[in-house]
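With these hints in hand, go ahead and build the complete structure from the sequences.
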Amino acid sequence: MTNRLIDMVGVFALLSILAIGGGTPILPEMQYLTVDRFHWLTDRQFRDIYSIGQVAPGPNMLMVLIIGYRLKGMLGAIAVGLAFFLPDCIITLFANRLWEHYRNSPWRASVHYGMAPIIIGLMLSGTYAIAALSIHNVVALLLAVGTFGILLWRHVNPGILIVVGGTLYVLLAH
Amino acid sequence: MDLEKPPLETKSEPAARPQVGIAELFRIFLTLGAISFGGGVVAYMREYLVQGQHWMEDEDFLDALEVSETLPGLNAINMSVIIGDRMRGALGAALAVLGMTLPGAIVVLSLAVLWQGELHFRTVGYFLTGVAATAVGLLVTLTVHLGHNQFRRVIDIVFIALTFIAVTVFHLSLPLVLVLLAPAAIWLYRPIAGRVNPGVPHFRRDVRRGWMRH
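The listed protein sequences correspond, in order, to chains A and B.
According to the numbering used here, the first sequence is numbered sequentially starting from 1173.
According to the numbering used here, the second sequence is numbered sequentially starting from 104.
Hints listed in this document are in silico derivations from the structure and should not be mistaken for laboratory results.
All C-beta atoms in this analysis are idealised placements derived from N, C-alpha and C, irrespective of residue type, glycine included.
Take the hints with a grain of salt, since some may be wrong.
As the list claims (entries may be wrong) - Below, a sample of chain A positions facing chain B; criterion: calculated Cβ distance under 8 Å:
#1 Ile1198
#2 Asp1260
#3 Ile1290
This is how it looks when you write it as structure tokens:
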């Protein structure tokens, strides 16, 4: 049982370090590790946990706390939270203080421009992963396309769209 | 106690940086953590810290954003660390992250406790499916906005496609994908005398649209 706690901490610490470009790029890896590799969750549970993260305020990736909670209760939530957030915080704290030394390095732009398409590719993969878990009928497809269309047209608070989208699906998919 | 000493001169720091108490810092980040719904936390931060509290200039905020985008981790968290550290050192950074995550953590864990009992309610399942489908629309929009420069350059499109295929079609692990592709992509954009890398850095335009990566 403690082995599982060690696995959990290892998985989320790894994901923390890999989260280049934010949370969406690591979604496929998180799904692979928590569903296929360690069998902690089903695909459906993974999707529902992701959705709960969308509904809550603050960073969406607080969803990892739910995974920790389901596996090991409050201890699991705290362990996963620390494993997922602490390494990045420490790296950022010290790397940001060092950053000034590299302020004028031409490689900064190289890293920026080189990593950009990889991050976009990873975001597409993350988006695809959630789409594959949630878009199984016309109503879901229309919600995704409609959200995209509305946001192209004008800026709407994403929190409102999320709640409206969930409610519409309840009403239409029954 | 000693005789009252004159205040220490701060070394070459711009005078504009406001003094923010540690409790005030925590309170502000706690508020941010509680009001930023639906992702895009950084857009809320910019509005609240730059335009609302005048803690920093917009350029400083965007500089900090470039740092936090390059480093691993969520932007909202990295920005909290950088701004907290800037205002009140390491303790400030810790309290900023705590404030940013605490409200959401409480909500998420409360829902987790409820959800374990409510798995059988089909309405909840439908609602969460609808939320996920809507989130797909949000993610597509976000990716299109963030990548608008990348989607216009052939070499970038090649790397976008290679990354997507490696992860989604071949299910290669993320560390392997990064080891294979990142050095090549960075090398292609290596500094060459006389060449200016193209395009506006993608994050600058997007934060102005109020859109940020999660």
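Point to revise | Status of the A:Asp1260 interface restraint (C-beta, 8 Å, chain B) | key: Interface hint status for A:Asp1260: holds (3 Å vs cutoff 8 Å).
Review point. Per the CB criterion, is A:Ile1290 less than 8 Å away from chain B?
Key: holds (5 Å)
**Study point:** Status of the hint placing A:Ile1198 at chain B (closest C-beta pair under 8 Å)
**Key:** For A:Ile1198, the interface hint holds, since the closest Cβ of chain B sits about 7 Å away, which is under 8 Å.
Consistency note: the structure conflicts with none of the earlier hints.
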